[in-house]
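Trainee: The lines below spell out each chain.
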Amino acid sequence: MRKKIIEFRNVSFRYGDEGPWVLKNCSFEIYDNEWVAIIGHNGSGKSTIAKLLNGLLFPQEGEIIINGEVVNEESIWNIRKDVGMVFQNPDNQFVGATVQDDVAFGMENRGVPREEMQKRIVETLAAVGMQDYRLTEPHRLSGGQKQRVAIASVLAIAPKVLILDEATAMLDPSGRQEIMQTVASIQGREELSLITITHDLQEVAQADRVIVMNSGEIWKEQVPREIFSQKESLREIGLDVPFVAILADELKRAGVAISIEPLNHEELLEDLWTLHSRT
Amino acid sequence: MDITFENVTYIYQQNTPFAHKAINDLSFQIKSGSFVAIIGHTGSGKSTLIQHLNGLAIPTEGKVSIGGYHLTKEEKPKDMKELRSKVGVVFQYPEHQLFEETVAKDIAFGPQNFGVSEAEIKTRIKEITPAVGLDETLLERSPFDLSGGQMRRVAIAGVLAVKPDVLVLDEPTAGLDPRGQKEIMDMFYKLHQEQELTTILVTHSMEDALKYADHVLILNKGTKYMEGSPEEVFSQKEALQRVQLDVPEMVQFLNEFQEKFGTAITFKKQSIKELAEAIQQQIKGAEST
Amino acid sequence: MNNSLIIGQYVPGDSIVHKLDPRTKITIIFFFVFIVFFANNVAGYGLLTVFALTCMFTSKVPIRFIIKGLTPVWFLIVFTFILHLFVTKEGTVILDFWVFEFYSGGVIQGFAISIRFFLLILVTSLLTLTTTPIEITDAIEDMLHPLKRFKFPVHELALMMSISLRFIPTLMQETDKISKAQASRGVDFRTGPIKERIKAIVPLLVPLFVSAFKRAEELAMAMEARGYQGGEGRSKLRELKIEKRDVFVLILFILVVAGLVLARIYG
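If you read the sequences in order, they're chains A, B and C. 1 is the number of the first residue of the first sequence in UniProt numbering; add one for each residue after it. 1 is the number of the first residue of the second sequence in UniProt numbering; add one for each residue after it. 1 is the number of the first residue of the third sequence in UniProt numbering; add one for each residue after it.
Hints may contain errors.
Quick list of in silico lysine-lysine cross-link-like pairs, DSSO-like style, CA-CA up to 27 Å [to be verified]:
hint, chain 1, residue 1, chain 2, residue 2
1, B, K190, B, K105
2, C, K180, B, K63
3, A, K231, B, K190
4, C, K236, B, K163
5, C, K214, C, K180
6, C, K177, B, K63
7, B, K105, C, K241
8, B, K78, C, K199
9, B, K81, C, K180
10, C, K180, B, K21
11, A, K231, A, K220
12, C, K236, A, K160
13, B, K260, A, K252
14, A, K119, C, K19
15, B, K76, C, K195
16, B, K78, C, K195
17, B, K81, C, K214
18, A, K24, A, K252
19, A, K220, A, K252
20, C, K19, B, K224
21, A, K231, B, K268
22, A, K231, B, K273
23, B, K73, A, K231
24, A, K252, B, K273
25, B, K224, A, K252
26, C, K236, A, K81
27, B, K31, C, K180
28, A, K252, B, K211
29, B, K182, C, K177
30, B, K73, C, K180
31, A, K252, B, K284
32, B, K73, B, K105
33, A, K119, C, K241
34, B, K105, C, K177
Note that these hints are calculated values from the structure, not bench results. Keep in mind the model is a prediction, meaning the values are calculated, not measured.
So that you can see chain A by itself, here it is in the shape it has in the complex (with noise of 0.2 Å):
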């Protein structure tokens, strides 16, 4: 039976009482070892989202549920225990001095005793391929290094829920590759849901549902095969559509007999050869 882990109940919100409505009447269940994306355009209410689930907002309409305890002014303390966050810009969550530091930041904040600071420093470092940067200041690092750091910092204090807001987004290629290796490896090994935030289609191939906002609303919750087979709406909300599946579509209106909604090169490869094979 898989469990719960965050339930989103007919929320909205709005900046101040006379703002327009970023969020409006969302509802979403999200399960333990789960991979959520959610994905939109920029306004599209997506990073409100996430910061709905760590109690750094609070809605004005509805109910936010994580791992069975209301999110309000008492229960948040308890909740960013349970849900950590890494954010877009990778210079303004370092509070570290150095590497180390800033892993310990989130254990010092709840307590933990040094032996076990250190114990975690190392694991979370190795789990993000960082551990030869332990005493590094943050100036001698690259955006994706740290992220990596981020990213540790949050798995530092065992979460249940790990929530990427466009970690990415401020990347060049090859950070952003480290972070998707990095997160794609993290989601394997640990008991952690995990939500990332993008808007980028590419990211969301891996993820097991895709959440995508558009002003405000949830306009669709499905697979991401699902949502890549919706070219044409998804231009409309302003999302890029991966090349995979254009060139799918070109290939059936030439006529080419493909059977399947392609997520990568390989799959579509696959595809042709059995064609190919068959004639």
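Position chains B and C relative to chain A; hints supplied.
Mentor: Frame of chain A; chains B and C shown alone:
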């Protein structure tokens, strides 16, 4: 304006223990009116290179020529301002340079510094605002009240209002969502063609380089690693991978296709539709035999 | 970028001076400042100079870094010396020149004050040359700890200091970036009349402030998300530990002080 780099070397903090060679013996030429993409990793010398284009950096050795302006260690243009009015630079995250009370004032800031008359500035703002996709009602607003995407457009308008001959773009779409990225790049491409600009685009996106550039320059560790038309450069997958650079996704797919099917489809900047037809031919070819 | 210049003057090393607990170093310097004024004869000054120079040589910090650190104050040292030559009218006249009379007392006084100055600067710069800013912050937090009882925000102060230090390189980079962007828009920071140059600072300062505020806001949010609720109930990764070498150096310093007292009494 033609741009020439002749054996340019640039050393940061020369004669200190922290001296660091950012560019090493770099030579290349950019023809007036071309659209050049410069690609390389963080630390490959890209940002140092573009700082030479408007005299923010002066070569430690060698010579940079931009039209009639020459930069060497010994000889600097007397009027650096004039050079800077001819070469507009849109830096990474240009919205960070906004500071005026209103959008209109911020756009006017550059032209004012370069001595453009107030009347002329007014006409230019009228022209540029719609061109960068900004609503005219925003002109009297504070730039700090706008969304990130709008602020980016204001900053770009501020550079364009100077009417440069050369436009240097340092990752102009970083941090935007896909629609924003496409709109901004299409806008630059349109300007490039309409105003016959020389455009230099620093980018990580192979897809953008392929789509917009007519010449590609690959930098690695401060030196020129490859140069040529996008078709030439991007078909050399091994060479690019040696410096950990990707190829455009279509090239990647063609390579995988060749591996699987044993037959090659040549890359010639075709559209996805043309590619699909070529694949269909291949498969049908097998059918007839 | 010129990051290497920004990280204070810290010169990495593993000498005994580097390894001393920062609290030991701060304590010694604190008392050194007082006893420098206690010396009143050649023996006393000699003792202090030997102590300071020993510290300098055992730290293995290259002499050029120390000289570089002293450059801005050379002028001050020489100036005090000359001032004393002219002002002090004690002892015998050793030189009579035009309307000026130079007394032996002036030379001695001037010399004494200059030595004091020199020693003070040398010892304090040794602290920053051999101790990372974060170690100094930790030491200050620890040493101010008793003030907590009087509601003095010791933890907050230390956190503020360490975050400021952490962001100095970031803000330097930002300054460099924005000044280049504005220079490209025709701002001239280097030439022109003073009034124009002051005006040119505005397009630099406004974006810097805007970005600093944005960073502060995001950082505060990130800290909150990571469970920061102030100093209560926090543990610390960094640990300050008094080792044998600290005790040894402190005893050595007490001996110097004792020697100084003896020199003053019997000198």
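Trainee: K180 of chain C and K21 of chain B: Cα distance at most 27 Å?
Mentor: Judged against 27 Å, a Cα distance of about 20 Å means the pair holds.
Trainee: Take a quick look at whether K81 of chain B and K180 of chain C sit within 27 Å of each other, Cα to Cα.
Mentor: 13 Å, holds
Trainee: Regarding the pair K119 of chain A and K241 of chain C, is the alpha-carbon distance no greater than 27 Å?
Mentor: Given pair K119 of chain A, K241 of chain C holds - Cα atoms ~20 Å apart, limit 27 Å.
Trainee: Regarding the pair K224 of chain B and K252 of chain A, is the alpha-carbon distance no greater than 27 Å?
Mentor: 42 Å, violated
Trainee: Is the hinted pair K190 of chain B and K105 of chain B satisfied, with a Cα-Cα distance of at most 27 Å?
Mentor: Measuring from Cα to Cα gives roughly 25 Å; hence the hint holds.
Trainee: Would the pair K252 of chain A and K284 of chain B pass a check requiring their Cα atoms to be no farther apart than 27 Å?
Mentor: 14 Å, holds
Trainee: Need the status of pair K31 of chain B, K180 of chain C: alpha-carbon distance at most 27 Å?
Mentor: 25 Å, holds
Trainee: Taking only the CA atoms, is the gap from K73 of chain B to K231 of chain A under or equal to 27 Å?
Mentor: 54 Å, violated
Trainee: Given the proposed pairing of K105 of chain B with K241 of chain C, does the C-alpha separation stay at or below 27 Å?
Mentor: 58 Å, violated
Trainee: Are the Cα positions of K73 of chain B and K105 of chain B separated by 27 Å at most?
Mentor: 36 Å, violated
Trainee: Between K81 of chain B and K214 of chain C, does the CA-CA distance stay at or below 27 Å?
Mentor: 32 Å, violated
Trainee: Do the alpha carbons of K231 of chain A and K220 of chain A lie within 27 Å of each other, as the hint requires?
Mentor: The given pair, whose Cα atoms are some 13 Å apart, holds under the 27 Å limit.
Hints 4, 7, 17, 18, 20, 23, 25 and 32 from the list above are not met by this structure, while the remaining hints are.
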